[in-house]
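Visitor: These protein sequences, in sequence, are chains A and B. Per numbering that gives the first Met the number 0, the first sequence starts with residue 0, numbered consecutively. Per numbering that gives the first Met the number 0, the second sequence starts with residue 0, numbered consecutively.
One should not assume that every hint holds.
As the list claims (entries may be wrong) - Taking lysine-lysine and the DSBU-like style, the derived pairs with C-alpha atoms no more than 35 Å apart in a straight line are:
{"hint": "1", "chain 1": "A", "residue 1": "Lys63", "chain 2": "B", "residue 2": "Lys219"}
{"hint": "2", "chain 1": "B", "residue 1": "Lys46", "chain 2": "A", "residue 2": "Lys63"}
{"hint": "3", "chain 1": "B", "residue 1": "Lys219", "chain 2": "A", "residue 2": "Lys41"}
{"hint": "4", "chain 1": "B", "residue 1": "Lys60", "chain 2": "B", "residue 2": "Lys21"}
{"hint": "5", "chain 1": "B", "residue 1": "Lys226", "chain 2": "A", "residue 2": "Lys63"}
{"hint": "6", "chain 1": "B", "residue 1": "Lys219", "chain 2": "A", "residue 2": "Lys39"}
{"hint": "7", "chain 1": "A", "residue 1": "Lys57", "chain 2": "B", "residue 2": "Lys46"}
{"hint": "8", "chain 1": "A", "residue 1": "Lys13", "chain 2": "B", "residue 2": "Lys74"}
{"hint": "9", "chain 1": "A", "residue 1": "Lys57", "chain 2": "B", "residue 2": "Lys219"}
{"hint": "10", "chain 1": "A", "residue 1": "Lys489", "chain 2": "B", "residue 2": "Lys133"}
{"hint": "11", "chain 1": "A", "residue 1": "Lys39", "chain 2": "B", "residue 2": "Lys60"}
{"hint": "12", "chain 1": "A", "residue 1": "Lys57", "chain 2": "B", "residue 2": "Lys74"}
{"hint": "13", "chain 1": "B", "residue 1": "Lys74", "chain 2": "A", "residue 2": "Lys41"}
Unchecked claim - Among the chain B residues that face chain A by a calculated CB cut under 8 Å, a handful are:
{"hint": "14", "residue": "Gly77"}
{"hint": "15", "residue": "Thr79"}
{"hint": "16", "residue": "Ser82"}
{"hint": "17", "residue": "Val84"}
{"hint": "18", "residue": "Gln85"}
{"hint": "19", "residue": "Leu99"}
{"hint": "20", "residue": "Thr103"}
{"hint": "21", "residue": "Ser130"}
{"hint": "22", "residue": "Gly142"}
{"hint": "23", "residue": "Ala157"}
{"hint": "24", "residue": "Glu159"}
{"hint": "25", "residue": "Lys161"}
{"hint": "26", "residue": "Phe279"}
Claimed, not checked - Label pairs and their calculated CB-CB ranges:
{"hint": "27", "chain 1": "B", "residue 1": "Pro305", "chain 2": "A", "residue 2": "Ser91", "range": "37 to 43 Å"}
{"hint": "28", "chain 1": "A", "residue 1": "Asn230", "chain 2": "B", "residue 2": "Val149", "range": "33 to 39 Å"}
{"hint": "29", "chain 1": "A", "residue 1": "Ala20", "chain 2": "B", "residue 2": "Val149", "range": "30 to 36 Å"}
{"hint": "30", "chain 1": "A", "residue 1": "Gln35", "chain 2": "B", "residue 2": "Ala37", "range": "51 to 57 Å"}
It is worth saying that the hints were derived from the structure and are not from the lab. Computed from a predicted model, the values in this text were never measured in an experiment. Where a beta carbon is used, it is the ideal one built from N, C-alpha and C, also for glycine.
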Amino acid sequence: MSANISKATKKPAKSGRTIAALLVIFIAFAALAIFQGDTKLKLGLDLRGGTSVTLAPKVAAGGKVDTAAVEQAVAIIRQRVNSLGVAESEVSSQSNGDIIVSVPGNSSSRVVDLVGATAQLRFRQVLAVGAGNAATTASLATPAATKAGAKKPAATPATFPSGVTMALDTAFKNLDCTVPANRQGGAIDDPNQPLISCSRDGSSKYILAAAEVEGDQVSKASAVLDNTNGNGWMVLLNFNGAGTSAFGKMTTRVTSLASPQNQAAIVLDGLVVSAPRINEAINTGSAQISGSFTQTLATDLANKLKYGALPLSLSVQEINQISPTLGSDQLHAGLLAGLIGLILVVLYSLLYYRGLGLVSVGSLLVAGSITYLSFLLLGKWIGFTLTLAGIAGAIVSIGITADSFIVYFERLRDEVRDGRSLRTAVQTGWLRARRTILVADFVSLIAAGLLYFFAVGGVRGFAFTLGLTTFVDLIVVFFFTKPLVTILSKVAFYSEGNNLSGLSAKSLGVVAVTGKDAL
Amino acid sequence: MALSGIGGRLYRGDTSFNFIAKRRRWFAASGLLIIISAIALGTQGLKLGIEFKGGSVLTVKAASVTVADGQAALKSAGVTTESIVQKIGTDKLRLQTTDLPQSTISAARTALAATFKVDPSNIDIQTVGPSWGKEITHKAIYGLIGFLIVVMLYLAMAFEPKMALSAIVAVIHDVFITVGIYALVGFDVTPATVIGFLTILGYSLYDTVVVFDKVRENTKGITATAKQTYSQAANLALNQTLVRSFNTSLIALLPVASILFVGAGLLGAGTLKDLSLALFIGLATGTYSSIFVATPLLATLHEREPAMQALAKRVSARSGGVESTVDKNTAGVVTSTHSKESHERGPRNQPKRKPRRR
Numbered sequence: 000m001s002a003n004i005s006k007a008t009k010k011p012a013k014s015g016r017t018i019a020a021l022l023v024i025f026i027a028f029a030a031l032a033i034f035q036g037d038t039k040l041k042l043g044l045d046l047r048g049g050t051s052v053t054l055a056p057k058v059a060a061g062g063k064v065d066t067a068a069v070e071q072a073v074a075i076i077r078q079r080v081n082s083l084g085v086a087e088s089e090v091s092s093q094s095n096g097d098i099i100v101s102v103p104g105n106s107s108s109r110v111v112d113l114v115g116a117t118a119q120l121r122f123r124q125v126l127a128v129g130a131g132n133a134a135t136t137a138s139l140a141t142p143a144a145t146k147a148g149a150k151k152p153a154a155t156p157a158t159f160p161s162g163v164t165m166a167l168d169t170a171f172k173n174l175d176c177t178v179p180a181n182r183q184g185g186a187i188d189d190p191n192q193p194l195i196s197c198s199r200d201g202s203s204k205y206i207l208a209a210a211e212v213e214g215d216q217v218s219k220a221s222a223v224l225d226n227t228n229g230n231g232w233m234v235l236l237n238f239n240g241a242g243t244s245a246f247g248k249m250t251t252r253v254t255s256l257a258s259p260q261n262q263a264a265i266v267l268d269g270l271v272v273s274a275p276r277i278n279e280a281i282n283t284g285s286a287q288i289s290g291s292f293t294q295t296l297a298t299d300l301a302n303k304l305k306y307g308a309l310p311l312s313l314s315v316q317e318i319n320q321i322s323p324t325l326g327s328d329q330l331h332a333g334l335l336a337g338l339i340g341l342i343l344v345v346l347y348s349l350l351y352y353r354g355l356g357l358v359s360v361g362s363l364l365v366a367g368s369i370t371y372l373s374f375l376l377l378g379k380w381i382g383f384t385l386t387l388a389g390i391a392g393a394i395v396s397i398g399i400t401a402d403s404f405i406v407y408f409e410r411l412r413d414e415v416r417d418g419r420s421l422r423t424a425v426q427t428g429w430l431r432a433r434r435t436i437l438v439a440d441f442v443s444l445i446a447a448g449l450l451y452f453f454a455v456g457g458v459r460g461f462a463f464t465l466g467l468t469t470f471v472d473l474i475v476v477f478f479f480t481k482p483l484v485t486i487l488s489k490v491a492f493y494s495e496g497n498n499l500s501g502l503s504a505k506s507l508g509v510v511a512v513t514g515k516d517a518l
Numbered sequence: 000m001a002l003s004g005i006g007g008r009l010y011r012g013d014t015s016f017n018f019i020a021k022r023r024r025w026f027a028a029s030g031l032l033i034i035i036s037a038i039a040l041g042t043q044g045l046k047l048g049i050e051f052k053g054g055s056v057l058t059v060k061a062a063s064v065t066v067a068d069g070q071a072a073l074k075s076a077g078v079t080t081e082s083i084v085q086k087i088g089t090d091k092l093r094l095q096t097t098d099l100p101q102s103t104i105s106a107a108r109t110a111l112a113a114t115f116k117v118d119p120s121n122i123d124i125q126t127v128g129p130s131w132g133k134e135i136t137h138k139a140i141y142g143l144i145g146f147l148i149v150v151m152l153y154l155a156m157a158f159e160p161k162m163a164l165s166a167i168v169a170v171i172h173d174v175f176i177t178v179g180i181y182a183l184v185g186f187d188v189t190p191a192t193v194i195g196f197l198t199i200l201g202y203s204l205y206d207t208v209v210v211f212d213k214v215r216e217n218t219k220g221i222t223a224t225a226k227q228t229y230s231q232a233a234n235l236a237l238n239q240t241l242v243r244s245f246n247t248s249l250i251a252l253l254p255v256a257s258i259l260f261v262g263a264g265l266l267g268a269g270t271l272k273d274l275s276l277a278l279f280i281g282l283a284t285g286t287y288s289s290i291f292v293a294t295p296l297l298a299t300l301h302e303r304e305p306a307m308q309a310l311a312k313r314v315s316a317r318s319g320g321v322e323s324t325v326d327k328n329t330a331g332v333v334t335s336t337h338s339k340e341s342h343e344r345g346p347r348n349q350p351k352r353k354p355r356r357r
């Protein structure tokens with residue numbers, strides 16, 4: 000190491016410049032944060048209250064999670080959650096296929112009920128169609144509709160379309176599909192009963208007959224571009240054995256009926272995805288749905304048919320319902336723990352390292368400010384939210400950060416014990432401490448990285464803050480603590496070994512050092 | 000400061016604790032702890048939190064809560080399976096049930112709200128499916144294995160393979176004993192605890208890295224002289240970094256202790272308590288292992304090398320046959336190596352007037 004000493008003796012002005020540069024960069028980022036208007040930390044649900052649900056797809060042993068199926072499930076759940084109208088609700092999928100739903104605010108079991116329901120795909124005959132708005136829909140009772148076809152004769156006069164009862168008609172009239180709550184899906188969808196339902200976008204509403212074909216009877220669905228007949232994009236659909244005969248029976252019956260009863264509605268999760276007209280009896284088990292599809296629309300429909308057909312079975316892994324009261328309790332407890340921890344560390348450093356302790360207090364404050372600023376900016380940039388586990392990680396890192404200072408201070412004192420002047424010791428001690436700090440912090444970073452990679456749910460926040468603060472620690476030690484000590488080594492209070500400086504001969508025990516073999 | 004003065008004496012070797020020479024004693028102590036841990040794990044096992052078994056925890060905060068009222072409310076809601084009701088502080092009740100249907104949990108919530116006259120939305124509920132914990136455990140094990148491999152490779156590069164091996168053994172020692180203490184005392188193991196266990200890895204290594212760095216410095220070119228054996232140099236390094244180890248461990252423990260205090264005192268059970276308890280125990284064993292396990296093990300590994308055995312012989316010969324810390328089962332061979340090396344090195348190996356006292 001001694002060969003490097005000459006390299007380390009820098010000009011004093013450089014240390015001042017390093018600190019100044021760090022300050023300028025800090026102010027620049029702080030200004031950016033204020034300019035962007037994010038001066039408040041983004042808090043996790045456990046700190047402000049809310050409901051979070053973790054769902055995992057059920058996969059057969061050895062099977063893999065189909066990402067497209069997961070995305071489809073996320074879309075379905077998002078539609079349901081959005082119907083609650085709570086701002087900042089989030090539905091996201093994890094790399095392992097887990098789906099995490101978080102809804103801030105008052106915890107309620109509604110979220111859990113909504114999210115937990117399984118999506119089902121069914122084919123039902125359309126009995127009646129209306130515009131989505133309740134106010135503009137007249138009663139369906141028209142004298143013209145006298146067609147036979149309903150299995151049970153309606154108890155009401157035959158003025159209703161077949162299969163439509165007075166009760167269904169009333170419910171249909173009162174349904175307002177423009178209200179989001181009516182489009183949340185996942186509602187009771189009894190396949191043996193008629194269904195009153197909205198289209199997914201809320202523009203129309205339907206009375207539908209009992210289900211005739213189930214989603215799991217669809218064996219294949221794909222979007223194709225019809226080049227030969229110029230029909231544009233369309234969806235090809237194949238049924239399995241049972242599906243072929245059921246779909247054949249349904250199409251044979253409805254194809255001759257008048258509109259809208261010759262339409263077959265595709266109902267996903269209780270909502271109508273599409274209601275194509277049946278042009279002919281289809282007994283071959285393969286059908287095509289054409290219309291004015293764009294590629295996106297066709298792919299979308301095909302996906303719905305495909306994955307609705309094999310509804311991704313989700314199991315609820317974890318539900319956390321935290322009231323805002325508990326949330327703020329946890330936040331306060333976390334902050335209190337941090338404050339106590341910080342005070343204890345500051346007290347100990349001042350007591351043990353005296354004057355040098357001031358350096359570690361200053362460095363901790365700088366590290367704290369940088370960490371807080373990083374939380375603000377990362378909240379904006381990568382949606383970082385601070386959770387209780389994250390706060391714990393930050394508190395634990397106070398220790399790691401202070402450890403780096405100790406490693407340096409002890410090295411410094413060792414060098415002084417070896418008989419070096421403080422000015423030299425600051426440099427030689429740094430060269431040795433630097434390597435120790437780098438190796439130790441790098442190990443911490445590896446640990447944090449792996450924890451982040453393997454952790455599930457909220458504990459990820461712990462790993463993230465732990466890693467972030469270790470990184471901040473490196474910045475502070477290199478660009479603040481070391482330059483500051485270099486500057487202070489020229490101040491008489493430290494260089495002359497004042498009793499309170501933490502570098503006095505007495506506190507170092509260097510009284511008997513003369514005449515001894517140097518190591 | 001008295002401790003500061005000790006630092007100086009330890010640094011120069013005036014005051015010295017002979018950690019390495021007594022390594023058999025430490026190894027025996029650690030071995031005993033590991034055996035106790037293994038027995039505790041085997042017989043009692045870990046007390047797993049609901050995250051690993053599935054179930055629900057309901058927390059009510061109300062002016063006056065009693066365990067009996069809580070149990071009655073659960074019963075009225077149709078919860079017939081075993082449930083644990085605990086009072087936390089003066090105004091909180093924690094009710095833990097087994098894996099129940101969502102409807103039963105909702106009923107329990109309504110019943111509790113009515114019993115304690117609070118709004119149902121103010122009752123906190125955590126429900127966990129039975130397979131949740133399995134996933135966490137799998138990930139934790141993968142994380143552990145991945146971490147050990149990566150860190151071992153890194154330390155082998157940054158330091159040397161024997162240091163990497165010793166550090167990893169010390170880390171496994173820490174995690175195993177910490178888990179053993181959990182089994183023995185019967186603390187709840189939750190995902191936060193598991194994360195705490197994993198974090199111990201990083202901590203335990205931090206201490207070890209600091210000591211090993213000094214060992215490496217002290218043993219650099221050690222075979223060129225006959226002043227010290229590897230064990231003696233390593234022991235000096237341990238003593239020199241003792242104050243540092245003590246300070247870093249204490250400073251690391253202070254914030255963890257404050258989380259533990261606040262988490263257990265104010266919030267009762269939860270992430271903060273579980274995490275900090277695991278860290279607290281792990282940090283303590285980590286400090287122990289970097290001094291009493293990692294470095295003595297490193298010395299043992301190195302003393303097996305022929306070069307180091309030769310060195311030990313030379314040191315022993317020079318200090319007038321004073322008992323060295325090394326096994327002497329290869330005395331014959333060593334002597335010949337010794338004479339050859341002295342011949343090679345010539346004047347450099349001439350004994351000094353005053354040999355280093357140990």
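Visitor: Would the stated hint for glutamine 85/B survive a check requiring a Cβ distance to chain A of less than 8 Å?
Guide: violated, 16 Å
Visitor: Would you mind confirming whether the straight-line C-alpha gap from lysine 489/A to lysine 133/B stays at or under 35 Å?
Guide: Between lysine 489/A and lysine 133/B the Cα gap is close to 59 Å, so the pair fails against 35 Å, i.e. violated.
Visitor: Decide if the proposed pair is consistent with the structure: lysine 60/B and lysine 21/B, CA atoms, cutoff 35 Å inclusive.
Guide: violated, 55 Å
Visitor: Is it true that the CA of lysine 57/A sits at most 35 Å from the CA of lysine 46/B?
Guide: Holds, at about 27 Å.
Visitor: A closest beta-carbon separation below 8 Å is what the hint needs, so does threonine 79/B meet it against chain A?
Guide: Since the shortest Cβ distance to chain A is 21 Å, the answer is violated.
Visitor: Please verify that hint: glycine 77/B, Cβ, nearest Cβ of chain A, below 8 Å or not.
Guide: violated, 16 Å
Visitor: Against chain A, with CB atoms and a cut of 8 Å, does the hint on glycine 142/B hold up?
Guide: holds, 3 Å
Visitor: CA of lysine 74/B to CA of lysine 41/A, is that 35 Å or under?
Guide: Roughly 40 Å between the alpha carbons, so the hint for lysine 74/B and lysine 41/A is violated.
Visitor: So, as I understand it, the hint says glutamate 159/B touches chain A; can you test that by seeing if any CB pair is closer than 8 Å?
Guide: violated, 13 Å
Visitor: Return the status of the interface hint for alanine 157/B: holds when the least beta-carbon distance to chain A is below 8 Å, violated otherwise.
Guide: holds, 5 Å
Visitor: Closer than 8 Å between Cβ atoms is the bar; does valine 84/B clear it against chain A? Give me holds or violated.
Guide: violated, 18 Å
Visitor: Using 8 Å as the Cβ threshold, decide whether threonine 103/B counts as touching chain A.
Guide: Interface hint status for threonine 103/B: violated (12 Å vs cutoff 8 Å).
The structure is inconsistent with the numbered hints 1, 3, 4, 5, 6, 8, 9, 10, 13, 14, 15, 16, 17, 18, 19, 20, 24, 25, 26, 27 and 28, although it conforms to all the rest.
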